[in-house]
Amino acid sequence: MDKVQDNRAWFLIIPVFLIVAFSAVVPLMTVVNYSVQEIFGPGQTFFVGTEWFEAVLADDRLHDALVRQIIYSLAVLLIEIPLGILIALGMPGGRSARTSLTLVLLALPLLIPFNVVGTIWQIFGRGDIGLLGATFRAIGIDYNYTSNSAHAWITVLVMDVWHWTSLVALLCYAGLQSIPPAFYQAAKIDGASKWAVFRYIQLPKMRGVLIIAVLLRFMDSFMIYTEPFVLTGGGPGNSTTFLSQYLTQMAVGQFDIGKAAAFSIVYFLIVLLFSFVFYTIITRTGEGERK
Amino acid sequence: MATIQFDNLGHSYHPHPGKPEDYALRRLSQEWEDGKAYALLGPSGCGKSTLLNIISGLLVPSEGRVLFDGLDVTRCTPEERNIAQVFQFPVIYDTMTVYENLAFPLRNRKVPAADVDRRVRQVAEALDLTADLKKRAQRLTPDAKQKISMGRGLVRSDVAAILFDEPLTVIDPHTKWILRRKLRQIHEDYRLTMIYVTHDQVEALTFADKVAVMYEGAMVQLGTPQELFENPLHTFVGYFIGSPGINLMPCTLGGDHALVDGIAIPLPERTVPAVEGRAAGRFELGIRPEFLELTRAGGAGAVPVQVTGVDDLGTSRLATVRLGSHTLKARLNEEQEVPALDAAVRFPGRWTKLYRDSHLVN
Numbered sequence: 209m210d211k212v213q214d215n216r217a218w219f220l221i222i223p224v225f226l227i228v229a230f231s232a233v234v235p236l237m238t239v240v241n242y243s244v245q246e247i248f249g250p251g252q253t254f255f256v257g258t259e260w261f262e263a264v265l266a267d268d269r270l271h272d273a274l275v276r277q278i279i280y281s282l283a284v285l286l287i288e289i290p291l292g293i294l295i296a297l298g299m300p301g302g303r304s305a306r307t308s309l310t311l312v313l314l315a316l317p318l319l320i321p322f323n324v325v326g327t328i329w330q331i332f333g334r335g336d337i338g339l340l341g342a343t344f345r346a347i348g349i350d351y352n353y354t355s356n357s358a359h360a361w362i363t364v365l366v367m368d369v370w371h372w373t374s375l376v377a378l379l380c381y382a383g384l385q386s387i388p389p390a391f392y393q394a395a396k397i398d399g400a401s402k403w404a405v406f407r408y409i410q411l412p413k414m415r416g417v418l419i420i421a422v423l424l425r426f427m428d429s430f431m432i433y434t435e436p437f438v439l440t441g442g443g444p445g446n447s448t449t450f451l452s453q454y455l456t457q458m459a460v461g462q463f464d465i466g467k468a469a470a471f472s473i474v475y476f477l478i479v480l481l482f483s484f485v486f487y488t489i490i491t492r493t494g495e496g497e498r499k
Numbered sequence: 006m007a008t009i010q011f012d013n014l015g016h017s018y019h020p021h022p023g024k025p026e027d028y029a030l031r032r033l034s035q036e037w038e039d040g041k042a043y044a045l046l047g048p049s050g051c052g053k054s055t056l057l058n059i060i061s062g063l064l065v066p067s068e069g070r071v072l073f074d075g076l077d078v079t080r081c082t083p084e085e086r087n088i089a090q091v092f093q094f095p096v097i098y099d100t101m102t103v104y105e106n107l108a109f110p111l112r113n114r115k116v117p118a119a120d121v122d123r124r125v126r127q128v129a130e131a132l133d134l135t136a137d138l139k140k141r142a143q144r145l146t147p148d149a150k151q152k153i154s155m156g157r158g159l160v161r162s163d164v165a166a167i168l169f170d171e172p173l174t175v176i177d178p179h180t181k182w183i184l185r186r187k188l189r190q191i192h193e194d195y196r197l198t199m200i201y202v203t204h205d206q207v208e209a210l211t212f213a214d215k216v217a218v219m220y221e222g223a224m225v226q227l228g229t230p231q232e233l234f235e236n237p238l239h240t241f242v243g244y245f246i247g248s249p250g251i252n253l254m255p256c257t258l259g260g261d262h263a264l265v266d267g268i269a270i271p272l273p274e275r276t277v278p279a280v281e282g283r284a285a286g287r288f289e290l291g292i293r294p295e296f297l298e299l300t301r302a303g304g305a306g307a308v309p310v311q312v313t314g315v316d317d318l319g320t321s322r323l324a325t326v327r328l329g330s331h332t333l334k335a336r337l338n339e340e341q342e343v344p345a346l347d348a349a350v351r352f353p354g355r356w357t358k359l360y361r362d363s364h365l366v367n
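Protein chains in written order, with this note's numbering: chain A, 209 to 499; chain B, 6 to 367.
Take these hints with a grain of salt, some might be off.
These stretches of chain A come out as covered by chain B in the derived footprint (C-beta under 8 Å, 3 or more residues) [what the hints assert, rightly or not]:
1) 277 to 284
2) 383 to 391
3) 402 to 414
The following residues of chain B were derived to be distant from chain A, with all beta-carbon distances above 12 Å [as the list claims (entries may be wrong)]:
4) W182
5) P230
6) L264
7) E295
Everything labelled a hint here was simulated from the structure, so no lab data went into it.
All C-beta atoms in this analysis are idealised placements derived from N, C-alpha and C, irrespective of residue type, glycine included.
Start from the sequences, fold in the hints, and give me the full structure.
See below:
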């Protein structure tokens with residue numbers, strides 16, 4: 209078959225090219241540009257090669273933040289994904305008032321602005337007036353997220369679970385709803401156990417939405433900034449200082465533009481790498497089940 | 006394999022059914038023989054799927070009982086009844102191979118591995134799936150997927166019955182024929198009790214030993230394809246089975262005659278005593294186009310008509326005639342001459358049916 213050659217089609221995608229260029233490529237290249245220069249002020253820049261990258265890679269505080277970040281994101285995924293699946297499995301189906309109510313209740317945390325979430329938890333956890341903090345105090349647990357780094361860390365994690373598990377649950381719920389009833393009936397007739405129904409029908413049918421859920425939750429949690437900033441300000445000490453907060457301190461606080469730019473690029477590459485790894489693992493486990 | 010009995014079975018989706026129209030399935034008592042192939046035939050919403058789901062145990066009927074071999078199973082799950090069912094759209098386990106799919110119902114029932122292997126290979130052979138056994142089920146065509154669904158039903162040698170819920174909907178017409186032949190053959194080889202739901206009369210008539218015709222929640226007739234054709238007990242059966250369907254004319258009664266628009270048509274002898282002096286109800290006279298004889302006027306029992314057209318159907322011809330205000334169809338054989346002016350039709354007594362309120366009289 210002869211293909212029609214018509215290069216005018218390129219004109220049609222020019223708008224997209226322009227938008228992508230101005231919104232992504234140009235800013236990213238600016239950062240690349242910064243990352244290889246020492247900047248004292250407007251017009252006073254010197255090329256320094258890979259010096260900033262070397263500094264970033266050797267930065268101990270950054271290593272600590274990275275380790276903290278990885279543990280945090282893994283914890284988020286390990287809690288929110290199974291919990292979200294469980295909630296979705298327990299949600300009522302069909303078109304009933306109960307379904308609508310559950311959906312609205314679940315969606316509520318997603319509608320709250322990030323800094324408000326931080327504020328809510330900051331008050332919630334306070335020992336004097338917060339419901340959670342006061343309750344802990346009343347039953348004799350010495351809970352204080354401003355001085356105890358373990359408490360702070362767990363509070364930030366629980367806050368994220370509270371804020372984002374709904375998203376995973378809603379995505380999984382959508383995946384479950386797309387399964388025709390005949391599948392469940394057939395499984396019943398085939399004598400499948402509840403576990404087998406989950407393992408061979410529900411989980412495979414949710415794979416698509418789970419890829420999205422894992423990637424979204426990974427990227428968001430890996431770049432988390434606002435909520436811990438409002439809740440703990442990264443403390444006590446550096447115990448809840450995650451990568452983006454450290455980056456902001458470097459770029460805005462210390463005005464270390466060159467180093468921060470190098471950091472940004474490394475950060476970006478790490479997110480990209482992890483996302484790629486997750487995506488590959490999930491798609492492969494589905495495909496690779498042939499014996 | 007099991008004999009299936011319905012004892013005063015009925016189902017309504019209403020909490021407090023009153024009128025007959027409230028019932029998705031109206032009262033029914035019947036016995037279905039072991040090892041036979043049955044078809045449930047009817048248009049959408051006639052209650053055939055409701056009945057099928059009651060037989061399979063996916064739905065608990067609101068009234069009456071279902072018995073398998075005399076045992077009350079009304080409240081048993083499909084598993085407890087040991088039923089297999091094939092659905093309209095192929096149900097396969099995406100992540101498993103074809104082999105694992107077929108083995109799944111057996112493995113769930115802890116059948117020894119050697120028996121599983123033997124049965125799976127046997128069924129795969131019967132359904133032409135042997136070459137695909139190691140492939141992942143997800144990658145197959147819809148036809149092959151539906152064969153897997155059927156295979157999962159057939160693989161269990163001890164099932165009470167296999168139920169098919171319009172299983173060939175997604176299959177292309179040519180493969181449909183092959184698969185139906187295959188099912189028929191499997192039925193003859195294994196003598197399984199099979200129940201097949203469809204809205205396609207050809208499918209029902211070619212597949213089943215006995216066809217149950219459903220209409221508005223009621224089973225209007227259960228019979229062999231021949232019985233349904235020759236002696237429709239309900240006007241709906243006459244209309245739904247056959248192409249074209251039965252000729253029906255509203256009529257009144259006058260002694261041993263039916264009067265259609267004032268034209269007298271002799272009633273069959275067996276019918277006359279049944280309606281003598283009892284003319285209450287809405288009467289209709291019915292005769293299949295295959296049995297309506299087109300002749301010249303003047304013979305005994307010949308009713309003059311006007312021929313308005315003749316369609317050539319290839320193997321036969323179909324004449325359209327007018328009798329009073331009614332249009333009737335009559336099938337002609339190839340050689341038969343069509344009288345132009347003095348045409349008449351004769352109603353052979355054996356094939357002329359009188360219906361009172363849609364039900365056959367006598």
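- Mind verifying the non-interface call on L264(B)? Its CB should be farther than 12 Å from each CB in chain A. Check passes; 52 Å lies beyond 12 Å.
- Coverage criterion applied to the region 277 to 284 of chain A (partner chain B; beta-carbon cut 8 Å; 3 residues): violated (count 0)
- Message: Using C-beta distances, would you say chain B covers the region 383 to 391 of chain A, given that this needs three or more residues below 8 Å?
- Response: It holds: at least three residues are needed, and the region 383 to 391 of chain A offers 3 whose Cβ sits within less than 8 Å of chain B.
- Message: For E295(B), is the shortest CB-to-CB distance to chain A above 12 Å, so the non-interface label stands?
- Response: 39 Å, holds
- Query: When you look at the beta carbon of P230(B), is every beta carbon of chain A farther off than 12 Å?
  - Reply: Label holds. Min Cβ-Cβ 29 Å, cutoff 12 Å.
- Item | Outcome, coverage of the region 402 to 414 of chain A by chain B - at least 3 residues whose beta-carbon is closer than 8 Å to one in that chain | With 5 residues in contact (Cβ-Cβ under 8 Å with chain B), the coverage given for the region 402 to 414 of chain A holds.
- Message: If we take the beta carbon of W182(B), is the closest beta carbon in chain A still more than 12 Å away?
- Response: The assertion about W182(B) holds, with a minimum of 24 Å to chain A.
Figure legend: structure checked against the earlier numbered hints; the only hint not met is number 1.
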